[in-house]
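Number of protein chains: 2
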Amino acid sequence: MNRPIGIFDSGVGGLTVVKEVMRQLPQESIVYFGDTARVPYGSKSKDTVTKFSSQIIKFLLEQNVKSIIIACNTVNSNCISELRAMFPKINIVGVVDAGVKMASTVTVNGRIGVIGTQATIDSNRYENLLRINNSNFEVYSKACPLFVPLVEDGWINHLVTRLITSHYLHDLIQEDIDTLILGCTHYPMLKEVIQEIVGDIMLINPAIEVARSIGEILENMDLKSHTNATYSFYVSDQANRMKQTAEMFLGCPIGKVTTVEIEKCYC
Amino acid sequence: MNRPIGIFDSGVGGLTVVKEVMRQLPQESIVYFGDTARVPYGSKSKDTVTKFSSQIIKFLLEQNVKSIIIACNTVNSNCISELRAMFPKINIVGVVDAGVKMASTVTVNGRIGVIGTQATIDSNRYENLLRINNSNFEVYSKACPLFVPLVEDGWINHLVTRLITSHYLHDLIQEDIDTLILGCTHYPMLKEVIQEIVGDIMLINPAIEVARSIGEILENMDLKSHTNATYSFYVSDQANRMKQTAEMFLGCPIGKVTTVEIEKCYC
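As they're listed, the protein sequences go chains A and B.
Counting in this note's numbering, the first sequence runs from 115 upward without gaps.
Counting in this note's numbering, the second sequence runs from 115 upward without gaps.
Read the hints as simulated data drawn from the structure, not as lab findings.
Among the hints, erroneous ones may be present.
One copy or any two copies: either way a pair holds, since identical chains are not told apart in the list.
[Unchecked claim] Straight-line C-alpha distance at most 25 Å; calculated DSS-like pairs for lysine-lysine:
| id | residue 1 | residue 2 |
| --- | --- | --- |
| 1 | Lys160 | Lys378 |
| 2 | Lys172 | Lys378 |
| 3 | Lys378 | Lys165 |
| 4 | Lys215 | Lys256 |
| 5 | Lys305 | Lys133 |
| 6 | Lys160 | Lys357 |
| 7 | Lys133 | Lys172 |
| 8 | Lys256 | Lys357 |
| 9 | Lys256 | Lys305 |
| 10 | Lys160 | Lys172 |
| 11 | Lys203 | Lys215 |
| 12 | Lys338 | Lys172 |
| 13 | Lys172 | Lys370 |
| 14 | Lys357 | Lys305 |
Modelling step: build the complete structure from the supplied sequences, incorporating the hints.
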């Protein structure tokens with residue numbers, strides 16, 4: 115079953131999910147879509163985010179994908195149920211759900227930290243989902259607005275990044291959390307620095323769990339690929355910029371990035 | 115002539131222009147509009163930016179403004195001529211034109227630096243306008259993508275900001291520039307740190323020149339106000355966030371911020 119997995123995000127952050135699927139499932143082909151013309155989704159209404167996401171899913175289905183990963187925290191938080199109802203024939207898994215599941219499993223003292231963009235933290239989505247899993251969990255959240263621009267501007271391992279990380283995480287560490295969810299797809303790019311600052315707190319990278327989860331689904335449904343993987347990258351704007359960033363995120367050349375007029379063609 | 119001046123931007127950055135108009139023209143009332151629902155403009159097409167801007171100008175005209183300042187680099191760079199043609203009865207001045215004029219006047223050695231967002235620097239707008247003024251000017255540009263998030267997250271005077279500034283400006287300083295244009299409305303918030311790093315290079319804050327220029331226009335057209343000023347703030351989304359940021363930018367309380375459905379009401 116050599117059809118690709120579809121992965122999408124509002125921008126480039128979902129590439130950390132691509133990286134993890136490449137690592138765990140090296141025979142699976144991937145079609146990635148980043149909605150770079152309409153990023154960020156965090157400040158947009160639920161209706162708008164649902165409409166944009168359904169356009170992207172239509173595009174991915176046209177690429178004959180066998181399963182879809184929502185690599186965007188905002189889409190997963192706002193409308194994964196609506197999208198599943200709109201596209202009942204395809205499996206859709208989300209990065210937030212995966213992170214929550216993993217954190218709930220690994221925490222010992224039930225004190226969990228969540229870091230993300232301002233929009234993700236303000237939505238309380240992680241907090242609510244963790245409490246649904248276990249009402250005794252104590253959840254501590256912190257927005258880290260500089261992490262995305264730091265990653266996108268290439269300050270991955272720099273004194274500046276360590277100082278900012280230390281400032282952002284100070285209060286969470288004081289709360290005696292034993293588990294910290296990296297609640298934004300960019301943040302795994304900073305995991306070495308974050309781990310250095312938080313010591314032996316367990317970092318949860320939802321990309322790892324979502325890749326594991328899609329692997330299981332494909333196995334169970336007998337949809338696994340057994341050939342050489344191919345990778346295709348699509349954006350709605352600024353293909354050259356995506357190519358550069360993708361090669362930084364993935365650590366390898368990715369070939370051509372294609373621009374799709376998603377708004378006109380899939381409304 | 116106690117009608118207000120209209121000032122608009124894609125987001126909060128234009129508040130540095132508000133601050134300068136308040137300082138230079140303390141009797142002038144201001145209506146500010148920040149298009150926080152549709153920010154950033156930098157990645158959008160010229161047609162889209164023109165449409166959004168004309169919606170905002172219609173709103174400002176309804177508030178009975180006597181003159182308009184475009185406090186957004188992208189709008190000024192893309193479509194100030196089109197907007198002037200669409201609204202011939204109102205004076206429209208722009209922050210980029212003002213910055214270029216001031217830098218052209220103050221440079222002695224003709225070596226001018228420009229810093230701005232990636233979109234502004236990629237557009238070459240400042241460079242082209244400076245060269246139209248004087249084809250012998252040497253212009254050196256540098257995108258500083260972390261400055262806007264640093265300002266918005268409140269890292270105004272911090273070791274981190276000094277380290278990042280020093281990194282960004284290193285090459286420009288080597289080029290022996292004598293003048294540096296702060297080509298993004300957020301950057302005047304960092305002017306102390308920037309000045310510390312660049313030494314005796316002259317910093318150009320286009321907000322100062324645009325406020326001076328609007329003062330002259332009002333004087334010449336006999337449109338100056340002679341009463342106590344009032345200030346009104348409007349946004350297309352996230353009024354609370356704007357209130358917070360505006361009070362940080364302006365250093366004083368600003369009262370209520372009102373949300374306007376700009377897309378629905380002024381199309």
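Going through the hints against the structure:
1. Within a single copy, Lys160 and Lys378 get their C-alpha atoms as close as 20 Å, and across copies as close as 17 Å, so both meet the 25 Å cut-off.
2. With identical chains, the CA atoms of Lys172 and Lys378 are at most 25 Å apart within one copy only, with a shortest distance of 12 Å there and 27 Å across copies.
3. In this homomeric assembly, Lys378 and Lys165 come within 25 Å of each other (Cα to Cα) both inside a single copy, at 13 Å, and across copies, at 18 Å.
4. When the C-alpha separation of Lys215 and Lys256 is checked against a cutoff of 25 Å, the pair qualifies only within one copy, where the shortest distance is 20 Å, while the shortest distance between copies is 44 Å.
5. In this assembly of identical chains, the alpha carbons of Lys305 and Lys133 lie at most 25 Å apart only when taken from the same copy (14 Å versus 40 Å across copies).
6. Proximity of Lys160 and Lys357 under a CA criterion of 25 Å is satisfied inter-copy only: 24 Å between copies versus 29 Å inside one chain copy.
7. Taking the closest pair of Cα atoms, Lys133 and Lys172 come within 25 Å of each other only inside a single copy of the chain (23 Å); across copies the shortest separation is 47 Å, beyond that limit.
8. In this assembly of identical chains, Lys256 and Lys357 lie within 25 Å of each other by CA distance solely across copies; the values are 21 Å between and 31 Å within a copy.
9. Taking the shortest alpha-carbon separations for Lys256 and Lys305, only the intra-copy value of 16 Å comes in at or below 25 Å, while the best inter-copy value is 29 Å.
10. With identical chains, the CA atoms of Lys160 and Lys172 are at most 25 Å apart within one copy only, with a shortest distance of 18 Å there and 28 Å across copies.
11. For the identical chains of this complex, Lys203 and Lys215 are intra-copy neighbours only, at 24 Å inside a copy versus 60 Å across copies, given an alpha-carbon limit of 25 Å.
12. In the homo-oligomer, the alpha carbons of Lys338 and Lys172 lie at most 25 Å apart inside one protomer (22 Å), although the nearest pairing across protomers, at 56 Å, exceeds that limit.
13. With identical chains, the CA atoms of Lys172 and Lys370 are at most 25 Å apart within one copy only, with a shortest distance of 22 Å there and 42 Å across copies.
14. Proximity of Lys357 and Lys305 under a CA criterion of 25 Å is satisfied intra-copy only: 22 Å inside one chain copy versus 34 Å between copies.
Violation of the numbered hints given earlier is absent; every hint is satisfied by the structure.
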